[in-house]
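K.L.:
The chain contents come next:
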Amino acid sequence: MLRCERLRKSFGGVLALDDVTLQFPLAGLVAIIGPNGAGKTTLFHVLSGFLRPDAGRCFLGQRDITGCPPYWVAGLGLGRTFQDLRLISQMTVMDNVLVARPRQRGEKLITSLLPFTFAAEEQTNRSIAMDYLKYVGLAGKASDAAADLSYGEQKLLSIACCLATEAQALLLDEPIAGVHPEIANRILHLLIDLRTRGKLIIFIEHDLQAVVEGSELAVAMDHGRVVAQGEPKEVIARREIMEAYVG
Amino acid sequence: MEYLVHILVLVSLYTTLTFSLDLIAGHCGLLSLAQAAFYGIGAYTSAIVALAFGVPFPGALAAAAGVAVLMSMAVSTPSVYLHDDYFAIVSFCFQMIVFSVLNNWLEVTRGPLGISGIPQPVIFGRPVGQLEFLALAAGLAVVSYLVVTRLTKGPFGRVLHAMREDDVFSQSLGKNTFYFKTVAFAVSAALAAAAGSMYAHYISYIDPSNFTVTESILILSMVIIGGAGSRLGPLLGAVTLVLIPELLRFAGFPPSIAGNLRQMTYGALLILILVVRPRGLLGSYGFEAK
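Protein chains in written order, with this note's numbering: chain A, 9 to 255; chain B, -8 to 281.
Looking at chain B on its own, in the form it has when it is part of the complex (with noise of 0.2 Å):
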């Protein structure tokens, strides 16, 4: 029992973290591999804040996300002048670059040491409880995914929408392109970080290895196989990628290669999904070459 709540706790935070992706790869075209970076970058905010300061969880998450915002300008900047794979390369060096400041910063991060006895929530008096956590990152889940939808379905998604296929022609219908991207990408950020705040203060230890660029690429993947800029694909994505690898636990393959085949075979339905469904599960959008 408690082993599902734990699973449902990772569904839920990567739920969020792949509708903040899927805002700005899926709904403006930018494939960034940089979500980790910024999950990172809440994770160890909330944690530093909490651990030096004291700040109890509700004001640490702020922190967290505020620290972000800031910190995505770093990468929606150059994303108003490069596009497409050239992007993709500059998010990749804000990605490692974050790595290397939290494996290396040791007076701040305590490097690859990492950073344990992080306080639990605390609410009404008492720390959280595992159903309660479960409670508060479904509840950030489906504010990630309103925020989301809500962005993307009226003008504002409209207007990410026209940015994503011709960014000069919105242009040239009076459409500020840096603002949105700017915006997009802070409302991106806030939310992978709200993401690891929660984790920082759920698993109560974070190390540097949490927050590689394989978990961004793991994210990517959670957008993509959940359909890219679709309303409810990331949730998809999340949940697929989260329970194939569970699910294969129980498959009963002899312990010996189990190891081995579970990833074989993960790989394998991974590519079998995006053979008969290119743009995804519930996708409309490709990322195909233009």
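Looking at chain A on its own, in the form it has when it is part of the complex (with noise of 0.2 Å):
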């Protein structure tokens, strides 16, 4: 169960996470909602390792994974996306998905020297990283330039990696902003299908619709601080009112 306790995180004067407790289901939907400089990024960062908090903690089960570097936490079964969408754009779609998968004997310098020692596994390998591709929609576009793809499959593909790391939660940042109507609505599926299967997504978006649709549980930020959590249509209703009255 991910959760984090009064973390706190300034760069320079900016105060960009502002004493932030939260608890997560093991499973279910969470949308990360507020408006641009919330701090909601910087959540991500500091949870997923890439940041970290000058004060406060953040726990996977009983682990404190505060601090741990970005790969320690990915190998613990916390997967993420980026807001600035990346990839390997230069590596085809299914060696993007490949590269994710975890604990590969042939990344070991001693056994990546004869072939034979991996080959079975790379083969296992590749019948699952095309599972995810299809389970993406992408299974046609296995051998494209990852650079060819719209940017709504590009999207597809960054969601098709990280669950190829066998991530238990993921962090999604922004999975249909600036995306095709129809993609969108075929990663909104997707997430709700992923909800099905016991994964915890925890995802940022600010098509306030696509949150009351798909999540059971919301959490608006402000200004690096929660500011309201719980159903997603009293959080939004709340933060309407708030926003009246503050401006």
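Keep in mind the hints are simulated off the structure, nothing from the lab.
On a predicted model such as this, the values are computed, not experimentally measured, just so you know.
Built from N, CA and C at the ideal position, the CB exists for glycine as well.
Be a bit skeptical, because a hint or two may be false.
Pair ranges (Cβ atoms, derived) [stated by the list, open to error]:
#1 B:Asp76 - A:Gln91: 25 to 31 Å
#2 B:Val159 - A:Arg71: 19 to 25 Å
#3 A:Phe19 - B:Val266: 43 to 49 Å
#4 A:Asp92 - B:Ser275: 47 to 53 Å
#5 B:Ala126 - A:Gln91: 55 to 61 Å
#6 B:Phe169 - A:Thr204: 34 to 40 Å
#7 B:Ser275 - A:Thr132: 25 to 31 Å
#8 A:Pro189 - B:Val133: 40 to 46 Å
#9 B:Val267 - A:Arg233: 26 to 32 Å
Two independent chains are provided; combine them into the complex using the hints.
P.N.:
Right under this line is the structure:
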């Protein structure tokens, strides 16, 4: 179970996270909403190990993961995507997903010099990678370069990569922003399906309709603080009232 | 004939050096100016160990590779924190420091005087002849080709190529980029040091001027001309940059200006190659700023 306690992070004079305490469910869809600069992506960076908080702690189950390097946190089952859509554009779609596969024997120095030690594992990984590609609907583009995909398809690919790490919890930073409505719909249904498979999906989103439709828990942030959390409809209503008063 | 064999020995040694640099420059995208430093560390370690302790050639070569692997951490560790131009500067600093040590640590390296009398390799009780040495050097070149190709074709190479383009994304997928860079540098340094050890026992005299930043730039040029990150690019680059200057000796330039004309022609040919094939003769990876 993922949780954080009293997280605090500033950049120079800017307080990006201010005493953030959150407890996420074991599985389900959680939406993080808030205006730009609210600290949502900073929260993701701290949870996934890319930033060290100035104060506070993060826990994955019983483990204290505060300040652990990102690759370590990913290895523990917490995957993420990025707001600025990171992929290996020079590699094929299939290779992008293959890189994500964990615990590959062929990635160690000695075994990598002896192909017969990892040939079978590689075959298995290829077939698993193809399954993930089929799941997100990109099977037909497996041999295309990632750069040749449309923006929406690239977002689907980044989700496939995240899933291929066998992550139990996924932090998706704006998974449907800027994407063609048809693919946005596809992504939303994917997330809902992943929830039924027992995954925890925490996503940052500006499209409030999608938030209401998809998630069972919403967290509203502003100026680095959690200003509301609970049922999406209630949280959105409360936020709108606050915005009306505060402006 | 002896001259031809000598050229082929040089081609073999430079092929090894170029493959070793291509592993980190081509496949990891880390432009390093320190390859001659590892070449020199290998040559000097091998020479000192052979002369001071009477270690036979295979042991001296192993010691050379071992020392280079340890010292490679001085370059691989900064590479995790620094990228592109900043890393190139750090590698340049390492190169200059190594040269400075070789040139000034008189008690151990004899500084500018160099080390002479390095014993030839002895196999089956007799010293190795020139042709046999060519077989050894060519064998090392083949080993370096196999090692680099095997490493870069499989999952290990896949992670290197991913890190080359996006280190942050690779980490988010659970890849310990520090491990991969450390291993890649260690292998690169070991191969370069092995070439250095061979060079020392072949020429039997070494001094610091063989291992300057100019030499590093030459090896880097071979990587780029041949095609960084390509399978046979390093071989082609080494062959091209060793052979062109030698072939130009027979170009029939008037003796009084032959030296200068050769250099100008050499430079012009390099520029021509890069204009026509900016990513090198066989290359697919470019070092363009991202």
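K.L.:
Does each hint fit the structure? Answer for all of them.
P.N.:
Outcome of the hint check:
1. B:Asp76 - A:Gln91: 25 to 31 Å: 26 Å Cβ-Cβ, so the 25 to 31 Å window holds.
2. B:Val159 - A:Arg71: 19 to 25 Å: Between Val159 (chain B) and Arg71 (chain A), where Cβ atoms are some 23 Å apart, the hint holds.
3. A:Phe19 - B:Val266: 43 to 49 Å: holds, 45 Å
4. A:Asp92 - B:Ser275: 47 to 53 Å: Violated - the Cβ-Cβ distance for Asp92 (chain A) and Ser275 (chain B), about 25 Å, lies outside 47 to 53 Å.
5. B:Ala126 - A:Gln91: 55 to 61 Å: holds, 57 Å
6. B:Phe169 - A:Thr204: 34 to 40 Å: holds, 38 Å
7. B:Ser275 - A:Thr132: 25 to 31 Å: Distance hint for Ser275 (chain B), Thr132 (chain A) holds at roughly 29 Å.
8. A:Pro189 - B:Val133: 40 to 46 Å: The hint (40 to 46 Å, Cβ to Cβ) is violated, given that Pro189 (chain A) and Val133 (chain B) are roughly 57 Å apart.
9. B:Val267 - A:Arg233: 26 to 32 Å: Violated, since Val267 (chain B) and Arg233 (chain A) (Cβ atoms, about 59 Å apart) do not stay within the stated range.
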